[in-house]
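Residue numbers (this note's numbering), protein chains in the order written: chain U, 1 to 139; chain B, 1 to 139; chain E, 1 to 139; chain Y, 1 to 139.
Quick caveat, the hints were computed from the structure, so don't treat them as lab data.
On a predicted model such as this, the values are computed, not experimentally measured, just so you know.
Honestly, I wouldn't trust all of these hints.
Copies of one chain are not kept apart here, so a pair can be met inside one copy or by any two copies together.
Said to hold, decoys possible - Keeping only pairs whose Cα atoms sit at most 25 Å apart, straight-line, the calculated DMTMM-like set for lysine to aspartate or glutamate is: (1) Lys116 - Glu131; (2) Lys52 - Asp129; (3) Lys52 - Glu16; (4) Lys19 - Asp129; (5) Lys10 - Glu47; (6) Lys125 - Glu139; (7) Lys92 - Asp13; (8) Lys48 - Asp105; (9) Lys125 - Glu8; (10) Lys116 - Glu47; (11) Lys10 - Glu23; (12) Lys52 - Glu23; (13) Lys19 - Glu139; (14) Lys138 - Glu16; (15) Lys138 - Glu23; (16) Lys92 - Glu45; (17) Lys52 - Glu131; (18) Lys48 - Glu23; (19) Lys48 - Glu131; (20) Lys2 - Asp105; (21) Lys92 - Asp105; (22) Lys19 - Asp109; (23) Lys48 - Asp129; (24) Lys92 - Asp109; (25) Lys116 - Asp129; (26) Lys86 - Asp13; (27) Lys86 - Asp109; (28) Lys116 - Glu23; (29) Lys86 - Asp105; (30) Lys52 - Asp105.
Each chain is listed here by its residues.
Protein chains: 4
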Amino acid sequence: MKGRTMAELKVGDFAEHTKTISESDVYLFAGITGDLNPAHINAVEAEKGMFKGRIAHGMLSAGLVSAVLGMQLPGPGTIYMSQTLKFTAPVKFGDTITARAEVIDRNVDRNRITLKTTCTNQAGKVVLDGEALAMPPKE
Amino acid sequence: MKGRTMAELKVGDFAEHTKTISESDVYLFAGITGDLNPAHINAVEAEKGMFKGRIAHGMLSAGLVSAVLGMQLPGPGTIYMSQTLKFTAPVKFGDTITARAEVIDRNVDRNRITLKTTCTNQAGKVVLDGEALAMPPKE
Amino acid sequence: MKGRTMAELKVGDFAEHTKTISESDVYLFAGITGDLNPAHINAVEAEKGMFKGRIAHGMLSAGLVSAVLGMQLPGPGTIYMSQTLKFTAPVKFGDTITARAEVIDRNVDRNRITLKTTCTNQAGKVVLDGEALAMPPKE
Amino acid sequence: MKGRTMAELKVGDFAEHTKTISESDVYLFAGITGDLNPAHINAVEAEKGMFKGRIAHGMLSAGLVSAVLGMQLPGPGTIYMSQTLKFTAPVKFGDTITARAEVIDRNVDRNRITLKTTCTNQAGKVVLDGEALAMPPKE
Numbered sequence: 001m002k003g004r005t006m007a008e009l010k011v012g013d014f015a016e017h018t019k020t021i022s023e024s025d026v027y028l029f030a031g032i033t034g035d036l037n038p039a040h041i042n043a044v045e046a047e048k049g050m051f052k053g054r055i056a057h058g059m060l061s062a063g064l065v066s067a068v069l070g071m072q073l074p075g076p077g078t079i080y081m082s083q084t085l086k087f088t089a090p091v092k093f094g095d096t097i098t099a100r101a102e103v104i105d106r107n108v109d110r111n112r113i114t115l116k117t118t119c120t121n122q123a124g125k126v127v128l129d130g131e132a133l134a135m136p137p138k139e
Numbered sequence: 001m002k003g004r005t006m007a008e009l010k011v012g013d014f015a016e017h018t019k020t021i022s023e024s025d026v027y028l029f030a031g032i033t034g035d036l037n038p039a040h041i042n043a044v045e046a047e048k049g050m051f052k053g054r055i056a057h058g059m060l061s062a063g064l065v066s067a068v069l070g071m072q073l074p075g076p077g078t079i080y081m082s083q084t085l086k087f088t089a090p091v092k093f094g095d096t097i098t099a100r101a102e103v104i105d106r107n108v109d110r111n112r113i114t115l116k117t118t119c120t121n122q123a124g125k126v127v128l129d130g131e132a133l134a135m136p137p138k139e
Numbered sequence: 001m002k003g004r005t006m007a008e009l010k011v012g013d014f015a016e017h018t019k020t021i022s023e024s025d026v027y028l029f030a031g032i033t034g035d036l037n038p039a040h041i042n043a044v045e046a047e048k049g050m051f052k053g054r055i056a057h058g059m060l061s062a063g064l065v066s067a068v069l070g071m072q073l074p075g076p077g078t079i080y081m082s083q084t085l086k087f088t089a090p091v092k093f094g095d096t097i098t099a100r101a102e103v104i105d106r107n108v109d110r111n112r113i114t115l116k117t118t119c120t121n122q123a124g125k126v127v128l129d130g131e132a133l134a135m136p137p138k139e
Numbered sequence: 001m002k003g004r005t006m007a008e009l010k011v012g013d014f015a016e017h018t019k020t021i022s023e024s025d026v027y028l029f030a031g032i033t034g035d036l037n038p039a040h041i042n043a044v045e046a047e048k049g050m051f052k053g054r055i056a057h058g059m060l061s062a063g064l065v066s067a068v069l070g071m072q073l074p075g076p077g078t079i080y081m082s083q084t085l086k087f088t089a090p091v092k093f094g095d096t097i098t099a100r101a102e103v104i105d106r107n108v109d110r111n112r113i114t115l116k117t118t119c120t121n122q123a124g125k126v127v128l129d130g131e132a133l134a135m136p137p138k139e
């Protein structure tokens, strides 16, 4: 149940988590967070808007990134320190999103790794881009 | 149903959204995102860890920030461009978190605002800190 | 799978449905309906208020009444026509609520029954009171 | 975080809350309330019935009315006293429902307001009609 330690990580290591985003994912996310923006829960209004339909919360995709770090790379025991997020394209209901994290830097002295984090849809379009800083679990 | 336009926003404007984070919030968030890290859903393991109990996902607090932007400031019609997040303290089940966004810069020519975004717990401790960049709705 | 027809119903017939109202019931109800009133989801604020803590939505208790009509009396096939609701006392998290419906009038010609509908907590206090009008399933 | 007081309310004031009702809304509502009537959760049975498909619980629409009162008019601090509900048309999965509350009477001496409350679908058809009585928050 413990993730990888610094010694078990190297630059270029990566992991992914893929999910098709459902209406119920978005509706539950709206309910949990209170983000009931019409773009997410009002089909009539959203169809008039620039995305021609309801879209998922950007932060839901960010949650998939969090899943990669918390479950796989480095995995359980990781301390999530910071994250940058650029929302580069909308996620529609039914889109299949792949969150990917890849180690791009290791600071062995301070026990910190930097990961490039992206979410990509089924067409290969990047919908979320950024970097994470995390402390891998100790020995 | 439309949020505030650039002309209706000024530096210093702020809005808040407060929620007591429940076990069910964290469990649903885990289910939606797939972040089933034991820190969030395994009480036995979590009690042995550094936070002495299960904690909420950092990205759940980030979702409360998203709610402030999407619902209030600027509100519906906003395009969320980017967000930086520093996870500065754990959120325990039952903590009451206030997400706050405050306008700190306006770029009228490009229709972009920068907001300082924080989440604070019931004791006044900052648990999440960062900045958001967003495009307010047009006239 | 069909409920009772008019011929199978008489004045005085009643049915009940009991549930202990959990935090997760209230939180999901808030998320579904968008009623994120601090009285329901903000423990700090609610403790300062007149009920000394978070309370359930009145309409959640009304949902338990709906369950009695839809599941038992008259049951599947019923057309729910109207309902009056008096919210007479708060429902706290952890309260055990019994919804009860009792037939108080039958209009055979128009196939309509009137039911007295109440919700009572574990201390016997009525928290919701009213009347329902419904059309039982046909033969 | 406080709603409008009597002094801030006048006859004709109104507020709205719109949501596209999803299958997950109805399923969660069914789970919370225990109203597992086949009309809501059994597509095979419901398609044989008079509405030609599964429909939402009438009380779910009533929950949207509750959201308008609790969040906007009068808003936080309101005491919800009573509500009448006429279920005038079915709500199908995917319907976009607008709950609206409008102040139609003020009793300043007793600090009570009466609101006309309706839910309308995307085609403009009224699906729920009634009146609410509420006490606005005090100064």
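Which of the listed hints are not met by the structure?
Hints 5, 6, 7, 8, 9, 10, 11, 15, 17, 19, 21, 22, 23, 24, 28 and 30 not satisfied by this model.
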